[in-house]
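Residue numbers for the sequence shown follow the numbering used here, beginning at 1 and rising by one.
Keep in mind that the hints were calculated from the coordinates and are not lab data. This list has only true hints and no planted wrong ones.
Label-pair ranges, simulated between beta-carbon atoms: (1) ALA39 with ALA83: 26 to 34 Å; (2) GLU138 with PRO37: 19 to 27 Å; (3) ALA4 with VAL61: 20 to 28 Å.
Beta carbons are placed, not taken as given, at the ideal position from N, Cα and C, and that holds for glycine.
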Amino acid sequence: MPLAIDSTAFAPGAAIPARHTCEGEDVSPPLRFSGVPAAARALALVVDDPDAPDPAAPRTVWSHWILYDLPPATPGLAEGVEAAALPPGTREGLNDWKRTGYGGPCPPIGRHRYFFTLYALDAPLGDLGRPTRARVLEALRGHVLEQAQLMGTYQKRGR
1 MPLAIDSTAF APGAAIPARH TCEGEDVSPP LRFSGVPAAA RALALVVDDP
51 DAPDPAAPRT VWSHWILYDL PPATPGLAEG VEAAALPPGT REGLNDWKRT
101 GYGGPCPPIG RHRYFFTLYA LDAPLGDLGR PTRARVLEAL RGHVLEQAQL
151 MGTYQKRGR
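Make the full structure from the sequences, and use the hints.
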């Protein structure tokens with residue numbers, strides 16, 4: 001079975017509920033992981049928006065959540081998981097608000113896509129300090145056994 005990521009909060013390609021955005025409680029959605037390869041020694045999760053700031057003229061990829069060195073047996077993450085409740089050994093990178101933790105969708109204009117990308121790695125990445133998305137993706141190079149994506153969308157009310 002290939003690596004997979006899904007959520008009970010939204011179907012692939014569907015709208016992310018407002019609860020998980022800046023217009024709601026801004027809590028992370030529940031996530032489930034399956035099909036982790038036996039050779040995996042760690043997992044990483046990157047949540048980003050390639051449509052920033054405007055889907056008609058995207059100029060940057062906005063990072064919403066960066067986790068790495070999750071144990072490979074991690075079955076998923078609970079809704080609204082806080083740093084203290086992350087699986088032992090999990091490390092966090094900086095999102096584009098320059099802080100750790102989940103920052104939900106908050107698009108300034110239009111309907112944006114949000115990609116939850118799960119990576120199965122052949123080795124833990126170790127302490128990278130407070131890395132950005134770019135630094136974590138660089139560290140992943142050469143270590144990815146499989147990857148899977150879940151994409152959801154969001155558009156602010158009235159925009």
